[in-house]
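Asks: Protein sequences, first through last, are from chains A and B. My numbering numbers the first residue of the first sequence as 357 and each following residue consecutively. My numbering numbers the first residue of the second sequence as 9 and each following residue consecutively.
Be careful, since some hints might not be right.
Said to hold, decoys possible - Derived CB-CB ranges, DEER-like:
1. B:S187 / A:G593: 57 to 65 Å
2. B:K43 / A:D541: 33 to 41 Å
3. A:R599 / B:E51: 58 to 66 Å
4. A:K591 / B:R65: 41 to 49 Å
5. A:K571 / B:G328: 36 to 44 Å
6. B:S190 / A:R599: 47 to 55 Å
7. A:L544 / B:N40: 24 to 32 Å
8. A:D541 / B:C391: 35 to 43 Å
9. A:G509 / B:R329: 35 to 43 Å
Bear in mind the hints are in silico, worked out from the structure with no lab data behind them. Don't be surprised by glycine CBs; every beta carbon is placed ideally from N, CA and C.
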Amino acid sequence: MSRIHQAFENGKAFIAFITCGDPDLSTTAAALRAAVSGGADLIELGIPFSDPTAEGPVIQGANLRALKGGITTDRIFEFVRETRKEIGIPIVFMTYANVVFSYGAERFISTCREIGIDGLILPDLPFEERGEFLPTCRKYGVDLISLVAPTSGGRVAMIAKEAEGFLYIVSSLGVTGIRDEIDTDLSLTVQTVRQNTGIPCAVGFGISTPEQAKKMAAFTDGVIVGSAIVRLLEKYGKDAPERIFEYVKSMKDVLKGM
Amino acid sequence: MTNQKGRFGVHGGQYIPETLMNAVIELEEAYNRLKDDPAFNRELSELLCDYAGRPSRLYFAKKMTEDLGGAKIYLKREDLNHTGAHKINNVLGQALLAKKMGKTRLIAETGAGQHGVATATAAALMGMECVVYMGQEDTVRQALNVYRMRLLGAEVIPVKTGTATLKDAVSEAMRAWTSRVSDTHYCLGSVMGPHPFPTIVRDFQSVISREIKEQILCKEGRLPDAVLACVGGGSNAIGSFYHFIGDRDVRLIGCEAAGRGVDTPETAATVNTGKLGIFHGMKSYFCQDEFGQIAPVYSISAGLDYPGVGPEHAYLHDIGRAEYVPITDEEAVCAFEYLAKTEGIIPAIESAHAVAYALKIAPEMGRDKILVVTVSGRGDKDCAAVARYRGEDLHE
């Protein structure tokens, strides 16, 4: 078992997504420190992919900036190895199946274990294809995080039963990105999840404001925020970390008392 | 562990976001229900015959055969189909399927614009809404097809991300599908993407080889020695190969776009230069770097300018049943000009890749040998680009 459960022991969890190497590794390091000081409970670190088909324009842009800056899987592993010395909260990688596959599942996942990565989120690896990496993830104690979507319907129970670490509930149709309003009714999904698993569940896609976070956390165990943080990096570059601290703090403050 | 459904050897599968899983499951169920349904097949046959103009001709290229002095060359004239390419075979099938599923809206990706035009055509015919995603770069290379799609009532959305070509159009169409899935069918244009698309598209395109077989038996009383077709994603090639896969003596040859050469980074010859990977919903061969980042491929042909290949082709390559050969821009352009001058047929620059390989091998084969080359589309759309390649500044 990984240490992911720790992220949910401090009130409702705030999960911060940051694309590694956007715009460079020293900014990523500062952004991670800022998120942790602001109260983030878990870090979702994106390994950039050339063609991120589940991402909206904001995170697509971050992927391309990071790759342009010369980031590679090897450099990210080295970065995490260093960063782990000062960051104790759980960290999971978010990337695409080909990044893991091309590196070699055994080599990639054993390195995750070695450098202190707790889980893996692969948006293009649905339940039916988990066999690609699941045996290796289990071998090294790295949680392969499952996702459920508003269109999952009858699949929710099946996915929840086998879920590890935490269950990622996709709030809306479409790709990642900030949304003014999230009008999907997730209550039935969450109810089915609760009936089938004891692991925590967190909602992501579209969340940016404390009001949205509060609303989503009311019936789940936490929220995941990506584009709103990445947008700060896009806008302020090296000066973004200070703003990320303020932002994460404002979000976690709302979640703390819940 | 892996569900073996939709696999061709190790290739294929369903590597897509959870949001789309029920949509592909629903599609597979609908297809399995309808594919052997007599009423569905009658309706599709009528459309293919009366609307698209099938069967397409198998033409004996006498002048070309005499000029090359070797194997007899037959051209499978998919360029004579309505909308000018083989794409209509698949699109009519999928549009009809979507309609039966109660979908009211078609979305599609397009490279050269042929699949986009075919989808816009079927949407107009069946009274469906249509949105086509096309790389910004390709909207410039294939401006005429953009106009055709708009004329047919489709909305064309230029895709500016990445290399702004076919792969980015596929990515954007997938993103669009995740945001609106209940009333929308993604009419994928090639034998690629997640299961069941490679199977559905192959089945709808297999009419090409079914006809070739009947026609060549009628004309020559025997099967050909080789069947040649160009391969991007590989739909006209799998369509041309399919009914010959069991006929071991028939060589199946896929002609890939080598761009400026397989020893340069400016190539799109996936089987020749790529390695195994997972992208766009499937496991197959992809042009990529050592960390799995998809390569920005290049070819003069917008329709072959794709970094992957359909999973069934990857499998046919693995088991040695089909060969995949690289053809450069220069060779394709020469073949484009050659077929125009020799037979009075202007092939699509995509199809010219297959013609180019026939020019290489026919002279070395005996006069008793038979080659079938699929001319997957017509080349009007490519005249300006080929003129530019030859240094002529032609404006439409």
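Asks: Could you run down the list of hints and mark each one as holding or not?
Replies: Verification of the hints:
1. Taken as a hint, the range 57 to 65 Å is violated for the pair S187 (chain B) and G593 (chain A), whose Cβ atoms sit roughly 29 Å apart.
2. In this structure the supplied range 33 to 41 Å holds for K43 (chain B) paired with D541 (chain A), their Cβ-Cβ distance being about 36 Å.
3. Remark: the range hint 58 to 66 Å for R599 (chain A) to E51 (chain B) is upheld by a beta-carbon distance near 59 Å.
4. At roughly 60 Å, the beta-carbon separation of K591 (chain A) and R65 (chain B) lies outside the given 41 to 49 Å, and the hint is violated.
5. A hinted range of 36 to 44 Å for the beta carbons of K571 (chain A) and G328 (chain B) is inconsistent with their spacing of about 58 Å.
6. A C-beta distance of roughly 38 Å is found between S190 (chain B) and R599 (chain A), which places it outside the suggested range of 47 to 55 Å.
7. Our hint of 24 to 32 Å for L544 (chain A) and N40 (chain B) holds, since their Cβ atoms are close to 29 Å apart.
8. A beta carbon spacing of about 54 Å between D541 (chain A) and C391 (chain B) contradicts the range 35 to 43 Å that was offered as a hint.
9. Between G509 (chain A) and R329 (chain B) the CB atoms are about 40 Å apart, so this pair conforms to the stated range of 35 to 43 Å.
The structure does not agree with the numbered hints 1, 4, 5, 6, 8 stated previously, though it agrees with the rest.
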